[in-house]
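Asks: What follows is the residue order along each chain.
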Amino acid sequence: MAFTTESRVNFRVVRFMYEAGQRLRLESVPLATAAVIYHKFFKENSLHDYDPYTIATTAIYLAGKVEEQQLKLRDVVNVCYRTLHKSKPPLEMSDKYWALRDSVASCELFVLRMMNFKVVFDHPHRYLLHYLKFIKDWFEPYRWEDLPIARTAWALLRDCYHGSVTLKYKPDHIAVAILYMTLQCHGVDVPYHYQSDTPWWKVFTEDATIGNLKDIMSDLIDIYDLETSVQP
Amino acid sequence: MQRGGGEGASGYSGGAHPTSGGHSSYRYEDLEFPFCEDSGKYEKLAKIGQGTFGEVFKARDRKTKRLVAMKKVLMENEKEGFPITALREIKILQLLRHENVVDLIEICRTKASQYNRFKSTFFLIFEFCEHDLAGLLSNANVKFNLGEIKKVMQQLLNGLYFIHSNKILHRDMKAANILITKHGVLKLADFGLARAFSVQKAGQPNKYTNRVVTLWYRPPELLLGERNYGPPIDMWGGGCIMAEMWTRAPIMQGKTEQNQLQLISQLCGSITKEVWPTVDKFDLFAQLELPQGQKRKVKERLKAYVKDQYALDLLDKLLTLDPSKRLDSDSALNHDFFWTDPMPSDLSEMLSQHKTSMFEFLAPPRRPGQRPMPHAQNQNIQRPTHNPDLHVERVY
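As given, the protein sequences belong to chains P and D, one line each in that order. For the first sequence, position 13 matches number 13 in the UniProt record's numbering, and the numbering has no gaps at all. For the second sequence, position 351 matches number 351 in the UniProt record's numbering, and the numbering has no gaps at all.
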C-alpha cells in the first residue's frame with residue numbers, strides 16, 4: 001500500500017513525541033492530547049510551512065498544561081532536543097537554548113490561536129476503560145486472567161494516535177472498535193454473544209454500525225503497515 | 001517555525017538548520033488566524049474592573065452593537081508561556097454552559113507586530129452583565145425584598161450546583177464575582193482561580209494550593225492549611241454572600257489570616273475537636289492560638305438583620321465549620337427557605353428602577369477592617385462611605 005509523505009512524517013513525529021513524552025513521564029491522556037493538537041494543527045496547515053518538530057514540542061508542553069500535568073518549559077526543551085539529536089551533546093545553557101525556549105513559548109501562543117483555544121478533547125480512554133471493566137464481568141475469571149486483553153487494547157489505543165484516527169471518528173466508536181479488534185487478536189468471543197439478538201458492542205454505543213467499526217479497524221491496520229514502511 | 005520571522009530559531013527540524021525562518025516571503029504580521037479574531041472588532045467603552053487578574057473593559061461589537069466585557073489576559077510571567085490560570089479559565093468556561101454561569105463568547109487577540117515584540121495580547125470576551133452584587137449592595141438605593149433575596153440565592157446555588165456537578169471548584173466566591181444582568185439573571189463569574197477537582201484517590205490526597213479565595217470569604221479549612229479540599233469551600237463563600245444580602249457589607253473583614261480565623265471563631269464558635277472531629281490533622285490547629293470557649297452565635301448575631309427564621313437556619317448550615325458537615329448546594333436548594341412564602345421572585349422589576357451600572361470597581365473602595373462585624377452586638381454593619389452619585393456610567 002502506498003502512503004503519503006505527510007502520513008510518514010506524521011508517524012515519525014508522533015513516535016518522537018511518544019519517546020520524549022515518556023522521558024518527561026507524561027501520562028497517557030496528556031500524551032494523547034499532545035498528539036491530537038499536533039494532528040489538528042497539520043490538518044489545517046502544510047508541513048512545508050511549519051517545522052513539525054517545533055509544533056510537536058509545543059504540543060507536548062501545551063498538553064501538559066491542558067491536562068493539569070504541567071511540565072517545565074526547560075525540561076521540555078532539553079528532553080525534546082536530546083530525543084531528536086541523539087548523536088549530539090546535550091543542550092547547554094547558551095543562546096541556542098534560549099532561542100529554542102523562546103520559539104516554543106511563542107509557538108504555544110501561535111498554536112492556541114490556530115486552535116481557537118479549543119484544546120480539550122474527548123479521548124477514547126475513559127470509554128475504553130469503562131467497556132473493559134464491563135466485559136470483564138462477562139468472562140469467567142480464570143479466562144480473563146489468561147488473556148492480556150486490557151494490555152492489548154491499551155497498546156492499540158496508544159498506537160492509534162500515530163495516525164489521525166481520533167480526528168475522524170467518535171471516541172466511543174474508537175473504543176469499541178479497539179475492543180473488537182483486541183478480542184479478534186486473541187481469538188475470543190464475548191461469552192454468550194451468539195445467544196443475543198443484538199451485537200455486544202451495541203450495548204456500549206447504540207449509534208455505531210459494523211461499517212463504522214470496520215473503517216476504524218482498517219485505519220488502525222494501516223497505521224501498522226505504515227510503521228513497517230517508515231524507516232526506523 | 002519556518003514561516004514568520006518573529007518566531008526565532010527552531011533548531012528542532014532535523015538539526016540541519018539551527019535557525020530557520022526569515023528566509024520566507026511571509027511576514028508574521030500578515031498571518032491570518034481564521035478562528036481567532038482581532039480584538040479591534042470591539043470598541044472599548046469604559047474600564048469596569050481591575051485586579052490581580054488584569055483589566056476588564058466594557059466594549060461593543062462594532063458590527064452587531066452587542067455589549068461585551070473584555071478581560072485582558074495578563075502575560076507578565078511569560079517565561080512559562082501562556083498562563084495556565086488563563087488556560088484553565090478558558091477550558092472551564094468552554095465546558096460550562098449554564099444560565100447562571102457567565103458566557104464566554106470568544107477569545108480575541110491583538111495583531112502581533114514589531115510594536116509589541118510580536119507578542120499578541122489576548123482578551124476573553126464575555127457577555128456583558130450590567131451589575132455585580134458588591135456594586136448593588138453598596139448602593140443604599142437598591143433594596144432587595146425577601147423574595148428577591150431568595151431569587152438571588154437560588155440562582156447562586158443553582159450555578160454552584162451546576163459547576164460542582166461538573167467537577168469544577170470556583171475558588172473565588174465573593175460578592176464582586178457575582179454578576180447580575182438588568183433582567184435579574186445571576187451569573188457566576190471570574191473563573192481565574194477555578195480548577196477541576198477529583199475525588200481523592202486511595203491513599204493519595206489531592207494537593208491543591210490553599211492560597212485561594214479572597215480572605216473575607218475564605219473558609220476555615222483553607223485558613224488552617226487544607227490542600228485536599230472540595231466543593232464545601234465555595235459553599236462557605238455562598239453563606240458569607242447570603243448574609244451580606246442583609247448586612248450589605250462583608251460579614252467578616254479580617255486583616256490577616258489569623259485575624260480571619262478569630263472572626264470566624266467569634267461568629268461560628270470555637271474551632272474544636274467536638275464540632276470538627278478531624279481538625280487536629282492540621283499543624284496550624286496546634287500552632288495557632290485560636291479563641292477558646294466561644295459560643296456559636298450565627299443566628300443570634302445575624303438576627304438583628306435577618307428576620308426570617310428559614311434564612312437564619314440556612315445561613316447557620318452554610319457557615320458550618322466542619323466542611324464535611326457543611327450543606328452542599330443540592331441540599332441548600334431543597335431548604336425550606338426557598339419553598340416557603342414569600343417565594344423567590346423576579347428581580348427585573350426592582351432592577352428596572354436603576355438605570356446605571358453598578359460595579360464594585362466603580363463604587364468607593366471597601367477598606368479592610370472598617371467596621372468589622374464581630375464584637376459589636378448593636379453596631380451597624382455598613383459598607384464604607386458610599387456615594388451613589390459616583391455610579392455615573394449609564395447603561396441604557
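Since the hints were made in silico from the structure, they are not lab data. Be a bit skeptical, because a hint or two may be false.
To be verified - With a cut-off of at most 16 Å between alpha-carbon atoms, the simulated EDC-like pairs for lysine to aspartate or glutamate come out as follows:
hint	chain 1	residue 1	chain 2	residue 2
1	D	K79	P	D219
2	P	K118	D	E37
3	P	K118	D	E106
4	D	K79	P	D102
5	P	K168	P	D122
6	D	K167	P	E206
7	D	K295	D	D328
8	D	K207	P	E68
To be verified - Calculated Cβ distances over 12 Å to all of chain P for the following chain D residues:
hint	residue
9	C108
10	S120
11	S345
Beta carbons: idealized from backbone N, C-alpha and C, even for Gly.
Asks: Can you confirm whether the C-alpha distance between K295 (chain D) and D328 (chain D) stays at or below 16 Å?
Replies: Between K295 (chain D) and D328 (chain D) the Cα gap is close to 24 Å, so the pair fails against 16 Å, i.e. violated.
Asks: Just want to verify: S345 (chain D) was marked as not at the interface with chain P; is every Cβ pair farther apart than 12 Å?
Replies: The claim stands: S345 (chain D) keeps its Cβ more than 12 Å from every Cβ of chain P (closest is about 38 Å).
Asks: Is the hinted pair K167 (chain D) and E206 (chain P) satisfied, with a Cα-Cα distance of at most 16 Å?
Replies: Not OK: K167 (chain D) and E206 (chain P) at ~27 Å, beyond 16 Å, violated.
Asks: Does K79 (chain D) pair with D102 (chain P) here, judged by a C-alpha cut-off of 16 Å?
Replies: 8 Å, holds
Asks: When you check the alpha-carbon spacing of K168 (chain P) and D122 (chain P), does it fall within 16 Å?
Replies: With Cα atoms ~13 Å apart, K168 (chain P) and D122 (chain P) stay inside 16 Å; holds.
Asks: Could you grab the alpha-carbon distance between K79 (chain D) and D219 (chain P) and see if it respects the 16 Å cut-off?
Replies: Given that 16 Å is the threshold and the Cα spacing comes to 40 Å, the pair is violated.
Asks: K118 (chain P) and E37 (chain D) were given as a pair; does the straight-line alpha-carbon distance stay at or below 16 Å?
Replies: Between K118 (chain P) and E37 (chain D) the Cα gap is close to 14 Å, so the pair holds against 16 Å.
Asks: Going straight from one Cα to the other, do K118 (chain P) and E106 (chain D) come out at no more than 16 Å?
Replies: At roughly 11 Å apart (the allowed maximum being 16 Å), E106 (chain D) and K118 (chain P) satisfy the hint.
Asks: When you look at the beta carbon of C108 (chain D), is every beta carbon of chain P farther off than 12 Å?
Replies: Nearest chain P Cβ is 10 Å from C108 (chain D), so the label is violated.
Asks: Hinted pair, alpha-carbon criterion (16 Å max): K207 (chain D), E68 (chain P). Please report holds or violated.
Replies: The hint holds at about 12 Å.
Asks: The output says S120 (chain D) does not contact chain P. Does that hold with a beta carbon cutoff of 12 Å?
Replies: 6 Å, violated
In summary, the structure is inconsistent with hints 1, 6, 7, 9, 10 from the numbered list given earlier, while agreeing with the others.
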